[in-house]
Every structure is written in structure tokens, then in C-alpha cells.
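Peer 1: Each chain, written out:
Protein chains: 2
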Amino acid sequence: MPASPANDPTLRSWIDIRPTDDFPIQNLPFGVMETPEWGPRVAVAIGGYALDLYACAQLGFFDSIAEDVPALGAALPKVFRRRSLNAFLRLGPLAWRAVRERVSELLRHDNPTLRDNELAVRTCLLRQRDVAMLRPVKPTNYVDFYSSLEHATNVGAMFRPDKPLLPNWRHLPIAYHGRANSIVVSGTDVRRPQGQYRPAGQETPVFGPTQQLDFELETAFVVGRGTAQGTAVPIAQAEDHIFGLLLFNDWSARDIQSWEYQPLGPFLGKNFASSVSPWVVTLDALEPFRVAGPVQEPPPLPYLQTASDQHFDIQLEVLIQPAGSTVAPLVISHTSTKHLYWSMAQQLAHHASNGCPLDAGDLYASGTISGPTPGSLGSLLELTQRGTQPLLLPNDLQLGFLRDGDTVILRGYAEKNGLRIGLGEVRGTVLPAAE
Amino acid sequence: MPASPANDPTLRSWIDIRPTDDFPIQNLPFGVMETPEWGPRVAVAIGGYALDLYACAQLGFFDSIAEDVPALGAALPKVFRRRSLNAFLRLGPLAWRAVRERVSELLRHDNPTLRDNELAVRTCLLRQRDVAMLRPVKPTNYVDFYSSLEHATNVGAMFRPDKPLLPNWRHLPIAYHGRANSIVVSGTDVRRPQGQYRPAGQETPVFGPTQQLDFELETAFVVGRGTAQGTAVPIAQAEDHIFGLLLFNDWSARDIQSWEYQPLGPFLGKNFASSVSPWVVTLDALEPFRVAGPVQEPPPLPYLQTASDQHFDIQLEVLIQPAGSTVAPLVISHTSTKHLYWSMAQQLAHHASNGCPLDAGDLYASGTISGPTPGSLGSLLELTQRGTQPLLLPNDLQLGFLRDGDTVILRGYAEKNGLRIGLGEVRGTVLPAAE
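Protein chains in written order, with full-length UniProt numbering: chain D, 1 to 435; chain X, 1 to 435.
To be clear, the hints were calculated from the coordinates, so they are not data collected in a lab.
Computed from a predicted model, the values in this text were never measured in an experiment.
Idealized CB from N, CA, C, for every residue including glycine.
Just so you know, not all the hints are guaranteed correct.
[What the hints assert, rightly or not] Some chain X residues close to chain D (C-beta under 10 Å, calculated; not the full set):
1) Leu172
2) Gly230
3) Trp259
4) Pro263
5) Ser353
6) Gly355
7) Asp359
All chains should be modelled from the sequences, with the hints used to inform the complete structure.
Peer 2: In C-alpha cells form, the structure reads like this:
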């Protein structure tokens with residue numbers, strides 16, 4: 001598709017935005033905010049503000065595009081007064097693009113429509129710090145891939161030293177179904193799960209709070225356009241079904257996971273909670289950051305072969321704010337989505353190849369993203385060699401696995417030629433296990 | 001809880017019911033029907049009829065219980081004009097029991113309220129053959145267990161001859177998350193999936209229609225009362241969260257499954273479709289069929305220990321109507337849910353033990369149910385030793401895995417002292433792979 005006019009790197013907004021901000025006028029990610037007075041509202045992030053799309057629609061700011069996109073026109077304004085983006089996503093790519101481009105127009109420095117309407121600005125533009133962000137989608141299904149070669153090799157070497165990378169791994173993007181209803185938005189505390197695990201050296205398992213709580217650094221794509229059961233998606237069309245991306249922390253209890261996972265995969269070691277960032281950055285906004293992926297050898301089967309660049313270079317960071325610490329969060333890992341072996345298009349085409357239906361709002365996470373160097377690993381499992389080599393933090397603190405009170409923050413942004421498109425952050429603090 | 005008055009084995013209805021019928025007055029399962037004229041309606045099965053609960057509510061037949069159960073009163077009648085039972089389930093156990101017991105009263109041979117009101121009978125009582133049954137719940141989550149010792153041992157021996165039963169199996173009910181949005185109601189055709197698999201003796205995989213399409217004989221319980229994230233469920237209270245049971249066919253593509261499943265479990269080999277029976281039989285109705293489960297050795301950890309009988313003896317049959325055949329479907333397997341090693345209460349308590357939230361409408365399937373004898377195996381994988389020993393059917397037909405046009409029918413019923421409580425059936429016909 002042609003580049004969106006909303007991506008023009010020369011655009012400037014009448015809203016003041018710092019160069020290090022994640023949400024310049026070229027980004028315009030979608031989320032759902034809530035205020036006690038007004039309830040849930042679909043919003044777009046711009047700098048430190050959130051633009052209330054329901055208020056914009058009520059004030060007639062979308063009337064011009066409603067005529068061009070009848071499905072959107074019929075759904076306005078109420079599609080923007082929902083607790084999730086799902087209804088908006090079901091309107092389809094024409095609607096998403098029309099809204100993003102119209103919002104871009106409204107926010108341009110030389111457009112007086114909104115800028116000079118003081119009452120409208122007061123109504124539509126809220127400071128992000130004054131609103132609560134909700135989980136942006138209600139996922140009907142959640143899938144977690146395993147698409148980082150480095151992560152799969154690192155973890156495989158711990159669990160199966162004889163065969164770290166299984167024979168199927170380079171032929172298909174391995175994945176499993178996760179739990180959709182335990183996904184929470186950034187800022188939600190996560191309670192340390194209890195569960196069954198077998199302590200090292202013991203024959204029989206015990207039940208209690210996990211001793212090996214971990215994070216996983218991931219991104220996830222949000223399905224926009226769904227499919228009917230029995231319908232495959234050719235890989236050249238796979239991206240048409242992707243609305244955008246967010247950050248994803250797939251909290252994991254390693255002791256529970258390693259005891260339960262054979263032969264049917266992860267279950268209670270994962271499904272107690274996953275955390276997502278509140279703003280979904282559209283694939284359109286990430287267009288300038290396409291890169292070629294790693295060389296795939298052996299070449300995949302034809303249904304997974306792509307002609308164009310379908311990887312993206314998004315910088316990712318993991319930060320830890322240790323329990324009780326008042327210093328700034330510490331970066332403990334830095335990597336990029338460009339290291340992923342399988343692209344989102346390959347993941348989606350593979351998933352749909354057997355006719356499994358896709359729904360608007362589905363979340364497809366990448367799996368832990370680890371790079372090739374020690375400082376680019378996406379989990380404590382890898383960073384600490386299963387807890388045996390703790391990270392040394394200031395004040396003589398050693399971090400093996402997560403302790404109660406620790407806060408984990410994932411951040412992501414793409415940057416090129418002075419343009420920065422950020423994913424924002426996802427954070428969560430560990431609460432003690434239930435009594 | 002005390003036995004429901006609706007379970008009284010001496011009850012008779014003014015509707016004519018044959019002794020071999022699945023739906024006598026002691027059963028009263030819930031489902032969702034649809035007619036072109038009236039749209040979706042929650043219904044209760046009685047003999048060959050479906051009782052329209054929306055019409056009953058409109059005619060005031062639930063007014064007497066609406067006072068006792070305010071949540072129900074507030075939701076009537078519209079809770080019965082939905083496309084799924086989910087909203088009804090969210091009203092809680094008091095509402096489910098009050099409705100079942102009131103329906104039982106209305107259908108008793110000596111109660112003239114409905115019986116002698118010809119106009120009401122015409123409005124409320126439809127022949128099942130005149131209505132379309134919908135999927136009874138919209139599952140927000142679907143989990144598949146692996147709780148038959150015989151099935152786990154049989155399959156383990158094929159995939160891992162060196163260690164058929166893994167060390168964790170007798171300590172916890174192994175399970176994985178499946179795909180919720182590809183679950184279809186009985187009668188829906190199932191398209192043969194395509195996928196990636198590695199033919200025997202080859203080094204590299206191919207992509208194409210599965211050559212090893214199979215069924216799996218399962219039951220599934222429907223969650224009624226949900227839980228909040230972070231909350232465990234003590235095993236003594238686990239059944240309070242279960243609304244009822246249905247039949248479940250977990251269609252499986254064995255070649256795709258065996259190539260993809262390591263290390264994260266089944267994915268595309270399963271998620272193209274699963275089929276459910278349309279009527280959910282309440283746990284209340286199954287109360288007379290409780291039995292002690294198998295002796296569990298070693299004894300499970302305390303959070304999985306039960307004092308009372310929490311297994312049920314439900315007879316299960318698999319029938320095949322081969323493609324092109326006009327003879328009656330052939331029974332190829334017969335077993336019982338009593339063979340399951342782990343009970344539903346243990347499954348639910350285990351799942352909730354880490355704080356993973358449960359939602360009304362969630363489906364938890366048993367995993368393939370196989371008994372101890374050759375005629376009691378719950379999949380073609382086991383019945384034919386992975387296709388190497390085909391079943392011999394009439395007319396010199398050999399059945400290895402499923403062929404296009406084959407119809408699979410699962411039936412289930414509990415029977416004791418002349419009382420038969422049936423689950424009905426779930427059926428599906430295999431369509432050829434997409435072009």
C-alpha cells in the first residue's frame with residue numbers, strides 16, 4: 001500500500017512534543033482511556049496528551065471521513081465509547097486509516113480547526129496523567145510464539161542440553177495458545193502465583209509460591225481484520241489483517257513451568273497474568289522501520305516465503321526498579337525486534353494455514369526476544385542462567401529471579417533519521433503470594 | 001448441597017417420553033435454539049421438544065421464582081433472548097437451580113399451569129427437529145485436559161516409547177489452552193485442514209491436507225460461576241463453579257500435531273475445529289451418577305485431595321457413518337467417564353490454584369477418554385495403532401484415519417435404576433480440504 005500522508009516526517013503539531021517523546025504526530029497510536037466523569041473512551045496519544053475520539057466525533061470532526069467510509073459513519077460516535085478497540089477494529093482497515101489520517105490533519109501545526117477552538121481543545125484533549133488507561137483490546141484469543149532463535153537456543157540448552165533446537169524450529173514458527181482473560185494493562189500489580197513444582201534434587205513435587213518468577217520481553221500484534229473458519233491467508237496478504245503492535249510481558253513461573261510443560265506445553269506457569277502496554281502503534285506508523293529479517297536456512301516452505309521486508313527494527317529495553325529502591329529504574333537488557341527469526345506475516349500466515357479463524361482483537365505475542373549478546377537477553381532465566389548467576393545491581397543487590405515488590409518495565413521505540421515512533425511502556429509490580 | 005426436587009426419579013411429565021430418551025423430566029438440560037421467525041432463544045430439552053424459556057418468561061411462568069432470586073428477576077425475560085447461555089450463567093447457581101426446578105414443576109404430569117393452556121403450549125413448546133441449535137456457550141477460554149491414564153499411556157507409548165507416562169502425570173492434571181473461537185456446534189461440517197507435517201522416513205516437511213485426521217472422544221464442563229484474578233478455588237468448592245457437561249469432539253490432525261508439538265504442545269493440529277453437543281446437562285441432573293474415581297497412587301498433594309465421590313459414570317459411544325454409506329452408523333468404541341483418573345473438581349481446583357481467573361462460559365474438556373479394553377479407546381490413533389491396523393467395517397471397508405465424507409457421532413448417557421440422563425450427541429462430517 002502507498003505510504004500514509006500521516007507518516008510524513010516533516011509534519012509538526014501545534015501540541016508541544018519533545019524529540020524523545022514516544023508519541024509524535026507521525027505515531028498516533030490508539031488506546032482506551034477512562035475517567036470517572038466520562039467512562040471509557042477510545043483515544044489517540046499525542047505527546048503527553050490523549051485525544052478523546054468520542055468527543056471529536058460528537059463535535060463533528062470526523063464528518064468529512066464518515067461519508068467516504070460508510071461503515072465508520074454508521075458506527076460514529078458510539079464506536080468510540082467502548083471499553084475496548086474491538087468494535088473499531090471490526091470496521092476494517094479503511095476506517096482505521098481514515099481516522100488516523102484525519103487525526104493527523106487535526107493535530108497539524110497549520111490546521112486551525114481544533115487548534116483555535118478553545119472549547120473543543122478543552123473537551124477533546126486530556127493529559128495522559130489525568131486518565132486511567134484500560135486494556136486496549138478484549139482479546140478473544142491469545143497466542144504466544146517462540147520466534148527468537150537466540151531465546152529458543154538458550155532455553156533449549158537449559159531444558160534439553162542434548163538437543164537445544166528441535167528439528168521443527170527452522171521450518172515453522174512454533175507457538176501455543178495462552179490464556180486470554182488474564183491479560184492486564186500496564187500498571188496492574190501481579191500477584192506471585194502458587195503452584196506445583198519439583199525442587200531440584202527431589203523426587204516428589206511440592207505446592208507453594210513460585211521461587212522462580214520471571215518476566216519475558218515480547219511484542220504482540222493485534223489482529224484487526226478477522227477471517228472466517230476454514231479460510232487460509234496467503235502470506236502476501238497477512239499484514240492486511242494486522243492492526244498494530246504493543247509491548248507484552250509474559251510473566252512466567254519457571255519452576256511451575258518446567259515441572260508441568262511436558263508433553264502439552266506451558267500452562268499454569270504462564271496463565272496467571274500477562275501485561276500489555278496501553279497504546280497500540282499501528283503497522284502504518286511503523287512502515288519507515290521495515291528491515292530484512294535474518295537469512296532463513298533452510299528456506300521455508302512456499303506458504304511462508306516472502307518477497308518483501310516484513311521485519312521491523314524496534315529497540316526494546318528491560319528495566320528493573322528493585323523492591324524498596326528509590327533510584328531510577330535500571331536497564332538490564334537492550335535488544336531489537338529485528339533479531340526475530342520469524343516475521344509477523346509468517347506467524348499469521350502459518351496460524352491461518354489450517355483454517356483456524358482469526359478475530360478482531362486477538363493478540364499474537366512474539367515469544368521472548370533475545371539478541372545475540374549477553375546484554376540483549378529477554379528473560380531472567382537467560383540473563384542469570386536460571387538464577388545461578390545473579391545480576392549485580394547497585395547497593396550490593398543480587399537479582400536472580402523476581403522478588404516481591406520488584407517492578408519490571410519494558411520499553412520500546414523505533415528511531416531513524418530523527419523520527420522516533422515509540423510503543424510506550426508496560427510496567428508491573430510483583431505482589432506477595434496470597435495467604 | 002441437598003438433592004434437587006427436580007431429580008426425583010418418580011416424576012413423570014405430561015409430555016410423552018420414551019424410556020430410551022436422553023431428555024426425561026429428571027434431566028432438563030439447557031441450550032440455545034434459533035428459528036427464522038423468532039431468533040435465538042434459551043431453551044430446555046424435554047423428550048423430543050425444546051421449551052422456549054423466553055416465551056415462558058413473557059407469559060409470567062417465572063414470576064414466582066423471580067421474587068426469590070432478584071438477580072434473575074432483574075434479567076428476565078431478555079436473558080433468555082441471547083445467542084449463548086453466558087448471560088444466564090453469570091446470574092449464578094441460585095438462578096440456574098430455580099429455573100430448572102420451576103421448569104420441572106411446569107412439566108409435571110399433574111401440573112395444569114402449562115399443560116392445559118393450549119395457546120401457551122403452542123407458543124413455548126417446539127419440536128427439536130423444527131429448530132436449529134446454536135453453540136450453547138460463547139467460550140471466552142477453552143482448556144483441554146489429558147486426564148485418562150489409559151489414553152496418556154497409549155499415546156505416550158507411540159510418541160515416546162522410552163517413557164510413555166511422564167513423571168508429572170500422576171501428580172497433576174496435565175492440560176493446555178486450546179482455541180476458543182473455532183469451537184462449533186454439532187451438525188457443523190468440518191473441513192479437512194492443511195498443514196505442515198513430515199512424512200515418515202523423510203528429513204524435510206511438506207505442506208498439504210492432513211493424511212491423519214482423527215476424532216477425540218471427550219466430555220467438557222462449562223464454567224458457571226467465574227472467579228477474580230488472583231483467587232484460588234479450594235477443591236471442596238470446585239463443583240460450585242461448574243454449571244454442567246456436554247460432549248466434545250476434539251478433531252485432531254495427527255501428522256501436523258506430531259511434527260509441531262515439541263516443545264510447546266498441540267497447536268495447528270487441533271485448533272482448526274472442535275465440536276460440542278448442543279445441550280448442557282447440569283451437574284445437578286448428574287448427581288445420581290456419582291462414583292468413586294480410580295485409586296490415585298501416589299496420593300495427590302493436599303490441594304487436590306477430595307473426601308467425597310467426584311467422578312461420574314457416564315457411558316460414551318463413538319459411531320462412524322462411513323462416506324457414501326446408507327446403513328446405520330456403526331459403534332466403534334464404548335467407554336465411560338468413570339475411567340478418568342482426574343475428576344472435574346481436581347481439574348478446576350488445579351487450574352485455579354495459581355490465581356488464573358475463570359469466566360462463565362469457559363469450556364474445560366477432559367482429554368480423550370479411553371478405557372482399559374481394545375473396544376473402549378477414544379481415538380482412531382489408538383483404535384488403529386496410528387493407522388497401521390485399520391478397523392474392518394462392513395462392505396470390506398477399512399478405516400485407518402478419517403476420509404472425506406465420513407461422519408463421526410459421539411453419544412453419552414448415564415443410566416441407573418431405570419433412570420436415563422443423556423448428553424445427546426455431537427456429530428460432524430468431514431469436508432474435503434480447501435482448494
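Peer 1: Could you tell me which of the hints above the structure violates, numbers in ascending order?
Peer 2: Checked against the structure, no hint fails, so every one of them is satisfied.
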